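For the record, the sequence lines run as chains A and B. Just so we're on the same page, the numbering used here is the position in the first sequence counted from 1, plus 148. Just so we're on the same page, the numbering used here is the position in the second sequence counted from 1, plus 331.
Since the hints were derived computationally from the structure, they do not count as laboratory data. Because the structure is a prediction, the values reported are computed rather than measured. Note that the Cβ used here is the ideal one computed from N, Cα and C, for glycine as well. Some hints could be false.
[As the list claims (entries may be wrong)] Selected chain B positions facing chain A (Cβ under 8 Å, derived; list incomplete):
1. R352
2. V360
3. N380
4. V397
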Amino acid sequence: MCVTVAAQNPYLLNAGTTAFHSGVSVIAPIAEPTVLPPRTWDYMLWKDIFVAPIVTNTTVRTVEFPAGNNWVDWWNMTIVYSGNTTITYQTPLEIFPVFFRQGALLPLQVNNSLAGHGDEFSAEYMTLLAAAPALSDRNNQTLEPLLQHDHHHHEQQGAGYTAIREFRQVSQEVRYLTTRNVESSTKSFTLLASAHPRKLILLVRTADLSSQGLESAVDVTKIVDVVDRLNDRPLRQVHRWGAFSKGCVAGCFFANPAKSELWLKPFSGLYGVHVDILSKAAEVGTW
Amino acid sequence: MLGGYRGSNVPLGRTKQLFIRWAQMGAFVPLMENGGNGEHRPWMFDNTNQTLDIYRTFVNIHMEMVRDLPLITHWCHGSLSLSLQGVM
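For reference, chain A alone in the conformation it holds in the complex (with noise of 0.2 Å):
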């Protein structure tokens, strides 16, 4: 019962499950534990949301991020922030300091416009947001495959991850790669999905992102743990909101370069799934 409808779960429901079992808390201060008052409230909300709340009546926040990781923020995904650093923030009433981690995957239930990060017609789909993926240079570098249970994959430059699920043992995943090829000046993203029941959308948000550089969207369905593909399929590429979200139901992307965005539909993930996009040599500095 808990596995067939945990495939609908966003975020907070396996920072949840997996806290439960393993006796840890969702939420990880950043400053030592005292009986004072801590230096600050700042907070982790699992593994990839760091929040800086406000205890002040106040419009404007000092900010310090923690070290190891860059940090994107939330409201505008183009921004990303360097570990380690301090910055002045500004929330009126309308924004809270929130950041995710770069590389992170989040999975989410958008069931309406209001959040920003789909419609009414996202409410069948499981959301998948890619923020600032950072590149990397290395030409050679290669997706790890799925379920390999390595747990410094997330770090490899460049690469996004997200368990789905890892309930008791993990049992899906999702992975991306972007990298930048220096001789030919293109880059390229790699999307990789275990087996999963629910249909996927996948959002990319990031500075990076222009519709003209999109040469190709490959999508190809294989099992995740057979090496050869079974077929190849290009994703159709939609030039409006509307073909996208209610006209397209698999199989095709849109790109919005005004909001630095791109959208895509992979195909059905019954049996994992295996997305390759590749810019065009000539559009330097961009998708």
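Dock chain B against the given chain A, drawing on the hints supplied.
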């Protein structure tokens, strides 16, 4: 508990600013719950709908991350517990 169980001496029990910031943080913890003493309805804090609009956005952010959490964790917990397995 957004806004706090107990209010203070300000007219609605808490200020608009405090209520908004509390709701925003509430969206980014596993349990976002509204209730307690005094005024907690987000449309009661101003005449401009600003509090309501902000509140609505953050509720939706929370629900995108958390949908079905209470129900499913209950089931997951149940599947761990032998006493409930017959029911599952």
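- Task: If any of the earlier hints don't hold here, list their numbers in rising order.
- Result: Number 3 only.
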